[in-house]
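Given these sequences and hints, build the entire structure.
Its first residue numbered 680, the sequence shown is counted upward by one per residue in the numbering used here.
Everything labelled a hint here was simulated from the structure, so no lab data went into it.
Since no wrong hints were added, every one of them can be taken at face value.
As a list, the in silico SDA-like pairs of lysine to any residue whose alpha-carbon atoms are at most 20 Å apart: (1) Lys1017 - Leu930; (2) Lys1037 - Leu1186; (3) Lys772 - Leu785; (4) Lys920 - Asp1013; (5) Lys1038 - Gly977; (6) Lys967 - His1148; (7) Lys1107 - Glu1069; (8) Lys920 - Phe845; (9) Lys1214 - Met1396; (10) Lys1107 - Arg1096; (11) Lys1308 - Trp1232.
Ranges between beta-carbon positions, derived for each pair: (12) Ile1137 - Pro1014: 30 to 38 Å; (13) Thr1092 - Lys989: 29 to 37 Å; (14) Lys989 - Ala1220: 49 to 57 Å.
Beta carbons: idealized from backbone N, C-alpha and C, even for Gly.
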Amino acid sequence: MPPRKFVLLAIAAKGFSSVVIQTIFIRELLIVFYGNELTFGIILATWLLSGAVGATLVANSFKGPSPFKVAPFLQLFLSAAAPLSLVLIRGSKTLLRIPFGEAFALDHIMLITVAALAFTAMADGALFNIGFRLLSVAGREDGRSVAKIYLWESIGMIIGGIAFTFILLSFFNSFAMILLISALNILCANLLLSKEKNRILRAFFAGSFILASAAFCFLSPELNDTTLRLQWQGKDIVINKTSVYGNIAVLRNLNQYTIYYNGIPSATISSQDTYFTEDFIHLPLLSKPQSKNILFIGSGPGGLIREALKYPIKKAVYVDIDPVFIEVVRSLQDPAAKKELSDPRVRIDNTDGRSFLKKTQEKFDAVFINCGLPTSLAINRYYTKEFFEEIRGVLADGGIAVFKTWGSLAYLTGELRRINAVILKTAKYVFPDIRIIPGDGFNMFIGSGRPQDFNPYIMAANAKHYNIHTYLVNPVYLKLRLQQPYLDWFSNNIADDLKKTDINEDLRPAGLYEGLGLYYSQFSKRIPALFGGFKKIGINAIFLNVLAFFSAWRLIARRRKANTMSLYFTMLTTGFYGMAMQIITLFLFQSFFGYLFQWLAIMTASFMAGASLGAFYANSKLERLCSMKRLAALEAVLPAVTTVLAMAAIAVFKYGVLPPYAAKWLFSLISLSAGLLAGIQLPVLFGLTLKSTNPWRKEPHKIAGFYYCMDLSGACMGALFTPLLLIPSCGIVAAMLILCLIKLMNALHIFLLARG
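In structure tokens, the structure reads:
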């Protein structure tokens, strides 16, 4: 048997590996899938469910050799599966023969996610049960063994989350990080085999470590470049960089560069898309050619800034949070892009667009928002009521705000009508005057505090007066583009949807789900119908169903005296609650700050820090905590505290009580609080089950594996149902209250069981 410190190190390495691998895979899959919150939920649910399967399989089928021999082989399997999974993710489009530029259908997303994550996550879940056995060999198989493995795994996750965010991400590419994790796991396998008498086995694992280390040191750059070429299907990759905010790839086609940000086209340098760039800039500015101060939020390089500089403006401010993106644009040495960014009138602020709006004292005559379709919270936050209110606050007297969404002059599908309706209704709530310019491919909305005049004859005269040269915009085009029948046709088409739709808000992102509905309607009409159906459920229906379920559950438990089943159900709801609150916290962070890409590992580490603290506390107070009444108290108090913290964080951000850099850590505190419940309850529930008449009480490893399975299964449901059902039907605040109600109802149920 190896020294105990090697066992603890292996468990911590398991946690470290889990958070780093999971974060890398989530980032890579979101890039390949053009990801959003729905795909994020699918990815996370797949990882959790696969982990639950792995833990259950090992718990129920392990009757053979010593865990000290099984653990190294599981670590070796995980070390081999992780790099292969990354190759599969990057080569998924080629494998499925999906043409370049075409998005994944939802069935393909689920197929690739399961294929890429299942084996790695199953090995990760199996290692939890094996870790329990490793700790139990030298001591008692009680709740303290569960607490210790949870504690050391959580410590590894905390270190992994911090190391990934502040060290690994800055110095290594994705393939190098995966190979580093593989080498770390094989090293731990060698430590577990340090007392092994079989020299051939020890030599095999020593050779595996040397091979993994050599691959990390010498092959990772080439492997990363090769798989990137596979991901981009042989296109000419000029630049591929990963910043703390996202992945930036630049592809070249002849003399044109397309910049992809997290897999989505963000800007085209030497762009020939004169229809969009000239329409988006000149139609608003020709109605207000005296504009002096202009603000760009979203994508600006590639033509928009260049076209705006044709006017006699004094200042053009371009806001982009990622300085690496600006560096990439400048490094392309395109004369037009270089000229527009180096113009003395152009100022670049590397900050979040909404943070800029909150802090600036400047006033602008025109604000251009070019952020694409709201298919993620990072984009949807630029179409909400709160954002439009912030925009109106920085507009000069008579200033205009220009934004767009998808459109058509031939036919508006139901999905197109609804996305236009929700954005228009939200804008009308804030701006007294909204001018709509329907078009093919996109519709323009121009909001202002005063009535606007879009007279094509006056606009043509302005173009001549200010000597504005364009390829497309001329008197004939202006007259055609601004004709009244187009506007009447558009207004009549969306009139009914405009009455029925909700206002898009930060805490109730109606625009996100309409954007997702439109996006996925190109593959199936069932998905938009699914979102629409969930939206119609409403908070009252969910509230009544929760009450009805717990009433029925209470009756069943009383008749059958199902104390053990109630303990299992408590673990299931704890997993559900913890992950649902984590998803909500991530949604809040994305809505308020817009760059979850950087903080994903930190939020995961914060959750596991809570689990670690909970496990440490449970380990020291286990005898005292192992009672049904104290379990009921934990069920009631900890979720209530987490909910209050989340409400406080929302208020702090809304009213600007703390600066953004400090407010971010408040959201980490919510994650920590959510993890605390799981960390305390797992060893307590395990200890209570050992004291019961459960037939498995003589096989503690099965109980440990089953509880871990319940935890991960509940978390899987939380990862799916929260973004798919709770938030669309209730909004974020009401969803938190529903989750708290579920735990309070279960606390009451446990308390009544304790009273008999």
